[in-house]
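Student: If you want the building blocks of each chain, they are given just below.
2 protein chains.
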Amino acid sequence: MSNPTVQPVLIVGSVAFDQITTPTAESGRVLGGSATYASIAASYLAPVNLVGVVGDDFGEANINRLRAHPIDLEGLQIDPTGGTFFWSGIYGENFASRETTDTQLNVFEHFEPTLPEAYRATPYVLLGNIHPDLQHRVLDQVVGQPFVAADTMNLWINISLDPLVRLLPRIDLLVVNDDESRMLTGESNLILAGRKLREAGPQIVVIKKGEHGSLLFHADGLFAFPAYPVTRVEDPTGAGDSYLGALVGSLAAQNDTGFGALKRAIVRATATASLTVESFSCDRLEEAGDDTIAARCAELQHLVAVD
Amino acid sequence: MSNPTVQPVLIVGSVAFDQITTPTAESGRVLGGSATYASIAASYLAPVNLVGVVGDDFGEANINRLRAHPIDLEGLQIDPTGGTFFWSGIYGENFASRETTDTQLNVFEHFEPTLPEAYRATPYVLLGNIHPDLQHRVLDQVVGQPFVAADTMNLWINISLDPLVRLLPRIDLLVVNDDESRMLTGESNLILAGRKLREAGPQIVVIKKGEHGSLLFHADGLFAFPAYPVTRVEDPTGAGDSYLGALVGSLAAQNDTGFGALKRAIVRATATASLTVESFSCDRLEEAGDDTIAARCAELQHLVAVD
Numbered sequence: 260m261s262n263p264t265v266q267p268v269l270i271v272g273s274v275a276f277d278q279i280t281t282p283t284a285e286s287g288r289v290l291g292g293s294a295t296y297a298s299i300a301a302s303y304l305a306p307v308n309l310v311g312v313v314g315d316d317f318g319e320a321n322i323n324r325l326r327a328h329p330i331d332l333e334g335l336q337i338d339p340t341g342g343t344f345f346w347s348g349i350y351g352e353n354f355a356s357r358e359t360t361d362t363q364l365n366v367f368e369h370f371e372p373t374l375p376e377a378y379r380a381t382p383y384v385l386l387g388n389i390h391p392d393l394q395h396r397v398l399d400q401v402v403g404q405p406f407v408a409a410d411t412m413n414l415w416i417n418i419s420l421d422p423l424v425r426l427l428p429r430i431d432l433l434v435v436n437d438d439e440s441r442m443l444t445g446e447s448n449l450i451l452a453g454r455k456l457r458e459a460g461p462q463i464v465v466i467k468k469g470e471h472g473s474l475l476f477h478a479d480g481l482f483a484f485p486a487y488p489v490t491r492v493e494d495p496t497g498a499g500d501s502y503l504g505a506l507v508g509s510l511a512a513q514n515d516t517g518f519g520a521l522k523r524a525i526v527r528a529t530a531t532a533s534l535t536v537e538s539f540s541c542d543r544l545e546e547a548g549d550d551t552i553a554a555r556c557a558e559l560q561h562l563v564a565v566d
Numbered sequence: 260m261s262n263p264t265v266q267p268v269l270i271v272g273s274v275a276f277d278q279i280t281t282p283t284a285e286s287g288r289v290l291g292g293s294a295t296y297a298s299i300a301a302s303y304l305a306p307v308n309l310v311g312v313v314g315d316d317f318g319e320a321n322i323n324r325l326r327a328h329p330i331d332l333e334g335l336q337i338d339p340t341g342g343t344f345f346w347s348g349i350y351g352e353n354f355a356s357r358e359t360t361d362t363q364l365n366v367f368e369h370f371e372p373t374l375p376e377a378y379r380a381t382p383y384v385l386l387g388n389i390h391p392d393l394q395h396r397v398l399d400q401v402v403g404q405p406f407v408a409a410d411t412m413n414l415w416i417n418i419s420l421d422p423l424v425r426l427l428p429r430i431d432l433l434v435v436n437d438d439e440s441r442m443l444t445g446e447s448n449l450i451l452a453g454r455k456l457r458e459a460g461p462q463i464v465v466i467k468k469g470e471h472g473s474l475l476f477h478a479d480g481l482f483a484f485p486a487y488p489v490t491r492v493e494d495p496t497g498a499g500d501s502y503l504g505a506l507v508g509s510l511a512a513q514n515d516t517g518f519g520a521l522k523r524a525i526v527r528a529t530a531t532a533s534l535t536v537e538s539f540s541c542d543r544l545e546e547a548g549d550d551t552i553a554a555r556c557a558e559l560q561h562l563v564a565v566d
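Order-wise, the sequence lines are chains A and B. The first sequence lines up with residues 260 to 566 when you count with the working numbering. The second sequence lines up with residues 260 to 566 when you count with the working numbering.
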């Protein structure tokens, strides 16, 4: 990175194969996983240290696909005892619903996130959507006072609420979607839900609302930003992971986590997530390039400009 | 009005009594109706010429309540043959649903909107949510080339689609909510729905998304704006009417219907609608005053400011 202030980002999450059926297409078996999307999105902005696990079937082509970006793979375990985490699902009409048709944890079942020595002091940490116990074990290994962002999902809220609640005071930024914010707080009003989440630990909360954009809750105030006006959704899988990856990548690139830096990071995250939904897997996210993302960021700023 | 550019607004719609039950309160019989909310909201910005009908039970107190604002009542018919239009409804948990429990059309059943001579050349026309045949009959009486904005509802889309579709090429601005935009176009993607509505006639389309704000579709581009962060909803009835009244009132006050004027009008409409939901009837909308609305407009601008 030419900018000396740019900091690396540690990203922990799933690296997986997905097989997705939408109302109009079928993906086949494609590269997916929360850490995959987040790492590629973040790597546009900052070098990434990836921690995850894949199985004996992951293949050199996929390793090389990740390596094509500034993503360090020392922390990617290759476990020869089984296959890579596999998920398949079907989206309903207009992507209004999603049904899981198969989940094979494979080598992910006994995944123990281990940080290589060189990763421990990474100043920006992104805990992707994995079991909260694993998110805790990552934080147990870091040294210094990194900025920590975390994602979660309805599954963990339902079956592992206690470790998730205990995680909240250990993180700086929680990024959840609207349904998750309501599940976690019991508040249907998103403004009140965001405030309650901040009281539960993280100083900064972002609530993602899909096509309706996102809300940032911060000690300095509230920020509301629309989604990019996407008209051709092929597959929304990974949009949230891409959003979070670009968000933390942008903070690391600015080496600033203040209110202004967070707002700029949200613009970037919004633009980046809009690319992910336009193709299966990370195809569009990878091929888009800096110029396309920068153009969408400019479009987004224009979209809300009153004068 | 001290500003010589401010133009009057003709508003046609229902003037009614509502009786509303929410999860936490009961309104009793209160002043309502699409023209009532729209007129009070618009009257903060521009003088209003009101066309509607009330019955023998409307009462001098309610007449005076309207007259306390710059609302001309020459066009308000008082029909001694029956009662005022009455609607009652129950909102479900979190205002996620609304059920009509009683509708008494009363004198509204045979309402014939008649424009007093002095109203016919009003340069801004707001067709509130009434039967599309009545909206046509209003336009048949205007002279000159006024700027015409119209609202509608799911009922008319279901039972009077043909006159509604024929209305669209006669108006300049259509303001609908997200569900109505989907019903009218068959498009689930709101960006595509807005574009299709523009192709159906109106040069300008606004899609309201409740707590998620609104979208403006215009030849010069797209504008997205969040809702005001309301945390205490008492009764959402009339929010859409207040939004439209403030929107058209703001255009009339600016005497400008360009893209920039529309954006400023949407900020004003958003702030105004946020007041309506904080009380039953028009109570909060009436008592708030210019300073409160201006403060909310400033807050809204701040809410989306990136730098």
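You may find that some hints are simply not true.
[Stated by the list, open to error] Just a few of them, taken from the derived set where beta-carbon distance is under 10 angstroms, the chain B residues facing chain A:
hint, residue
1, 390
2, 393
3, 448
4, 470
5, 485
6, 523
7, 561
Keep in mind that the hints were calculated from the coordinates and are not lab data. Since we're looking at a predicted model, the values are computed, not measured. By construction, the Cβ of each residue, glycine as well, lies at the ideal position given by its N, Cα and C atoms.
Student: Would you settle whether the hint for residue 393 (chain B) is holds or violated, based on the nearest Cβ-Cβ distance to chain A being less than 10 angstroms?
Tutor: violated, 33 angstroms
Student: Minimum Cβ distance from residue 390 (chain B) to chain A below 10 angstroms?
Tutor: violated, 30 angstroms
Student: Is the interface hint satisfied for residue 561 (chain B)? The criterion is a beta-carbon contact with chain A at less than 10 angstroms.
Tutor: holds, 7 angstroms
Student: Return the status of the interface hint for residue 470 (chain B): holds when the least beta-carbon distance to chain A is below 10 angstroms, violated otherwise.
Tutor: holds, 7 angstroms
Student: Holds or violated: is there a CB of chain A closer than 10 angstroms to the CB of residue 485 (chain B)?
Tutor: holds, 4 angstroms
Student: Hint residue 523 (chain B) vs chain A: min CB-CB distance below 10 angstroms?
Tutor: holds, 6 angstroms
Student: Holds or violated: is there a CB of chain A closer than 10 angstroms to the CB of residue 448 (chain B)?
Tutor: Holds: closest Cβ of chain A sits about 6 angstroms from residue 448 (chain B), inside 10 angstroms.
In summary, the structure is inconsistent with hints 1, 2 from the numbered list given earlier, while agreeing with the others.
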